[in-house]
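Novice: Residue strings, one per chain:
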Amino acid sequence: MKSLFKGALVAAALTVSAFSAGTAEAQTPPGVLLVGQIAEPKSLDPAADTAVNDFRILVNMYDGLVRYKDGTLEVEPDLAKSWTISDDGKVYTFKLREGVTFHDGTPFNAEAVKYNFDRMLDEKHPQHDTGPFPLAFFFSAIDHVDVMDDLTVKFTLKEPYAPFLSNLAYPPGLQVSPTAVKKYGKDFGRHPVGTGPFKFAEWESNAKVVVTRNDDYWDGAPKLDAVVFRPITDANTRVAELMAGGIDLMVEVPPDNLGQLESDANFAVYQQAGPHLWFLILNTKDGPFKDKRVRQAINYAINKKALVDNVLQGTADIAAGPIPPAFAWAYDKSLQPYPYDVEKAKKLIDEAGAAGKEVTFYVTEGGSGMLDPIPMGAAIQADLAKVGLKVKIETYEWNTFLGKVNPGLEGKADMAEMAWMTNDPDTLPYLALRTDAWPDKGGFNSGYYSNPKVDELLEKARTSTDQNERAKLYREMQQIVHDDAPWAFIANWKQNAVASAAVKGFKLQPSFFLLLKDVSKD
Amino acid sequence: MHVYILRRLVLMIPVLLGLTVIVFLIMSLIPGDPALAILGSYATPENIAKLRADLGLDKSLFSQYWIWLSNMLHGDFGRSYSLNRPVLDEVLERFGATLILAGASLMLCTVFGLLTGVVSAVRQYGWADKTLTFVVLIGISIPSFWLGLMMMLLFAVKLRWLPVSGMYAIYGGGDLPDLLRHLIMPAVTLAVVATGVIARLTRSNMLEVLRQDYIRTARAKGLDERRVIYRHAFKAALVNVIPVIGVQAGFVLGGAVYIETVFQWPGIGRMLVTAIATRDILLVQGGVVIVAASYVLFNLFADVLQHLIDPRVKA
Chain A
1 MKSLFKGALV AAALTVSAFS AGTAEAQTPP GVLLVGQIAE PKSLDPAADT AVNDFRILVN
61 MYDGLVRYKD GTLEVEPDLA KSWTISDDGK VYTFKLREGV TFHDGTPFNA EAVKYNFDRM
121 LDEKHPQHDT GPFPLAFFFS AIDHVDVMDD LTVKFTLKEP YAPFLSNLAY PPGLQVSPTA
181 VKKYGKDFGR HPVGTGPFKF AEWESNAKVV VTRNDDYWDG APKLDAVVFR PITDANTRVA
241 ELMAGGIDLM VEVPPDNLGQ LESDANFAVY QQAGPHLWFL ILNTKDGPFK DKRVRQAINY
301 AINKKALVDN VLQGTADIAA GPIPPAFAWA YDKSLQPYPY DVEKAKKLID EAGAAGKEVT
361 FYVTEGGSGM LDPIPMGAAI QADLAKVGLK VKIETYEWNT FLGKVNPGLE GKADMAEMAW
421 MTNDPDTLPY LALRTDAWPD KGGFNSGYYS NPKVDELLEK ARTSTDQNER AKLYREMQQI
481 VHDDAPWAFI ANWKQNAVAS AAVKGFKLQP SFFLLLKDVS KD
Chain B
1 MHVYILRRLV LMIPVLLGLT VIVFLIMSLI PGDPALAILG SYATPENIAK LRADLGLDKS
61 LFSQYWIWLS NMLHGDFGRS YSLNRPVLDE VLERFGATLI LAGASLMLCT VFGLLTGVVS
121 AVRQYGWADK TLTFVVLIGI SIPSFWLGLM MMLLFAVKLR WLPVSGMYAI YGGGDLPDLL
181 RHLIMPAVTL AVVATGVIAR LTRSNMLEVL RQDYIRTARA KGLDERRVIY RHAFKAALVN
241 VIPVIGVQAG FVLGGAVYIE TVFQWPGIGR MLVTAIATRD ILLVQGGVVI VAASYVLFNL
301 FADVLQHLID PRVKA
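So the sequences go chain by chain: A and B.
Note that full-length UniProt numbering has the first sequence beginning at 1, numbered continuously upward.
Note that full-length UniProt numbering has the second sequence beginning at 1, numbered continuously upward.
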């Protein structure tokens with residue numbers, strides 16, 4: 001009996017050692033970069049994706065007509081060499097780069113560009129059924145696209161629309177091979193073909209997406225031989241993989257691990273502020289937040305420094321207004337965050353007769369860009385209790401939460417957590433602060449903020465094609481919104497990444513894209 | 001026997017039908033809209049309405065159910081909209097991975113559970129029994145995802161004996177030893193609780209059997225002790241343990257949800273978690289139906305096995 005039991009133990013020990021004998025995880029070949037992703041991509045069709053996680057792969061396989069200049073959110077030529085904009089701001093004519101081919105060998109030309117936009121926008125297009133295309137509205141201003149000659153393409157807009165160029169730099173504007181879309185149809189997302197620095201090689205579901213160097217890349221071949229993107233949904237596992245050498249680079253490192261990795265010479269930590277805003281939507285239609293003084297009081301009462309330092313452990317900066325500082329050209333540097341001032345908040349609340357009022361606060365459990373929504377909600381609740389507001393928290397899972405918040409807060413709640421990541425300073429205020437963006441008109445202004453001056457400034461900024469003029473209008477808008485306080489401005493998230501010391505030439509971008517063309521690995 | 005198996009198979013039909021109704025209703029009743037989940041935070045009411053119509057979500061519940069059921073009976077489980085591929089392809093692929101994991105841990109928990117139980121019973125109140133009972137108690141009480149993480153830190157990060165996660169190596173893997181190396185930690189983690197349950201049950205059943213008259217008779221006849229324990233006592237005790245192993249199979253499948261997430265095992269548990277979060281209704285429904293059907297089949301198998309070992313169990 002005893003011997004049998006012992007025998008089993010010995011057998012188990014032998015099995016473990018047999019399979020682990022010295023050869024743990026095979027070392028990855030040099031020149032191959034392993035990237036830890038937070039989830040399996042939904043698709044590798046740029047027109048079908050919405051998640052930053054998927055964009056991180058896409059931007060390495062595809063190019064757009066324009067792209068963001070290194071380290072900024074301003075556009076520069078990419079597949080388009082140059083462009084002109086008509087005086088009325090409605091006609092954009094692009095000269096395309098010559099000699100560029102898709103990875104399947106077919107030429108990139110004006111026909112291909114027209115095809116890309118028609119597929120997304122024209123419901124009668126034969127390959128429109130390869131959608132849905134959730135971000136097609138980025139290009140809803142387009143009336144039609146004309147091929148002028150092989151390398152000239154003309155976009156005619158329904159109305160002047162200034163964010164058009166920066167929308168072209170966003171993933172739905174990345175150019176796919178028409179031949180490949182026709183060939184694979186709905187499965188194109190699993191057989192992606194672009195013009196970018198890396199070519200698609202393999203997608204093994206739930207294990208890896210492999211891309212290899214495009215030696216003929218028009219902008220110079222990348223340094224790496226290949227990149228392997230591994231979906232690892234659990235953050236702890238992702239960190240363990242990094243420490244064990246199973247991945248070389250990971251993004252969205254949990255704040256808890258960041259400090260530990262920072263002090264380890266085997267790893268390098270990267271941080272970069274991005275176009276992200278974490279805020280509270282305040283219901284300006286009914287309840288205590290109808291009164292501007294109470295809304296300002298909330299902004300004074302929340303200890304944003306404590307939130308950013310303690311809850312988010314330094315992975316975000318304090319936000320001052322509705323436009324994130326990453327949009328350097330449009331951001332108003334004179335704008336100061338509301339200081340933490342309990343006395344002032346109490347005074348404003350007393351003046352408005354809101355002391356002791358009960359407010360309902362929608363909190364989400366997670367969701368895109370929401371950081372640590374539950375602890376943040378609890379900390380905010382405690383801060384508001386100090387100024388005499390009784391906050392009742394209602395917590396919902398992300399999709400349910402959106403279903404509650406997007407149709408408007410009226411009659412249901414007084415405030416709600418929210419976060420947005422955008423690619424143009426226009427997007428968030430235009431979709432969420434105008435009177436015409438109230439939920440019943442199809443917008444995201446769930447707190448029913450309305451100020452005719454803000455409406456006017458935003459409309460004007462969107463139709464002006466002069467960037468300096470736009471910047472001036474946005475700055476004026478930020479001052480007004482800051483004072484009106486339709487939101488409580490809380491935080492701008494800094495994206496982080498950790499790479500092993502062998503990874504060289506890596507840089508995070510304010511766009512949150514993960515550009516790997518110039519990266520190498522020793 | 002054949003009639004018994006046939007009757008049980010026929011009885012599976014109403015069980016599975018009832019199951020499809022429940023799964024369908026749960027997925028329809030949970031809050032959150034698939035169209036919203038697809039379109040993301042930029043979704044406008046207009047887009048949502050259009051997509052709902054495209055997906056057939058604007059039809060009545062009954063007709064949605066009917067379309068789903070009749071398509072499924074024709075072998076068409078629909079297309080997953082979060083993964084953009086046919087549900088059946090994904091479910092079968094993922095279920096295969098789960099079967100490997102669950103099968104391995106079921107084997108581990110059966111072997112070690114029975115062995116521990118028998119040793120404990122035979123050496124009742126001896127040091128082996130006390131030690132094993134203590135270890136078993138710890139095994140049952142430890143949260144398995146925590147145990148998984150600790151094992152990962154020790155064996156993969158510190159000692160580097162085993163890979164951290166996944167099912168095959170990213171480079172140069174794909175063969176059986178590679179699979180087994182990836183399988184060890186998740187299978188052991190997943191087996192721990194079930195091993196404890198089986199061990200405790202085996203121990204108490206063995207103790208009961210060992211006190212029976214026929215065991216005394218067997219010993220009195222001068223039979224070899226090993227023969228008494230294995231041929232006479234163990235076989236009798238096994239009859240009561242087997243149905244519990246069948247039930248444990250269900251727990252192992254359920255526990256796989258956590259373990260697959262921790263170890264990034266590409267199984268169906270992890271698939272279901274993601275599918276629920278993205279409101280991928282067809283994928284959830286298809287996955288649950290397949291898992292449930294296999295669970296029902298496994299229990300039928302356990303019952304048949306019990307019958308074979310002990311003819312007294314009524315067919």
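It cannot be assumed that every hint is accurate.
[As the list claims (entries may be wrong)] List time: in silico DSBU-like cross-link candidates among lysine-lysine, alpha-carbon distance up to 30 Å:
{"id": "1", "chain 1": "B", "residue 1": "Lys158", "chain 2": "A", "residue 2": "Lys441"}
{"id": "2", "chain 1": "A", "residue 1": "Lys404", "chain 2": "B", "residue 2": "Lys50"}
{"id": "3", "chain 1": "B", "residue 1": "Lys50", "chain 2": "A", "residue 2": "Lys182"}
In short, the hints are calculated from the structure, not lab data.
Novice: Between Lys158 (chain B) and Lys441 (chain A), is the straight-line Cα distance small enough, at 30 Å or below?
Specialist: Violated. Lys158 (chain B) to Lys441 (chain A) sits at ~57 Å, over the 30 Å cutoff.
Novice: Just to be careful, I want the Cα atoms of Lys50 (chain B) and Lys182 (chain A) compared with a cutoff of 30 Å; is the pair within it?
Specialist: 25 Å, holds
Novice: Would you check the hint for Lys404 (chain A) and Lys50 (chain B), treating anything up to 30 Å between C-alpha atoms as holding?
Specialist: Holds: Lys404 (chain A) and Lys50 (chain B) sit about 19 Å apart, inside 30 Å.
The structure does not agree with numbered hint 1 stated previously, though it agrees with all others.
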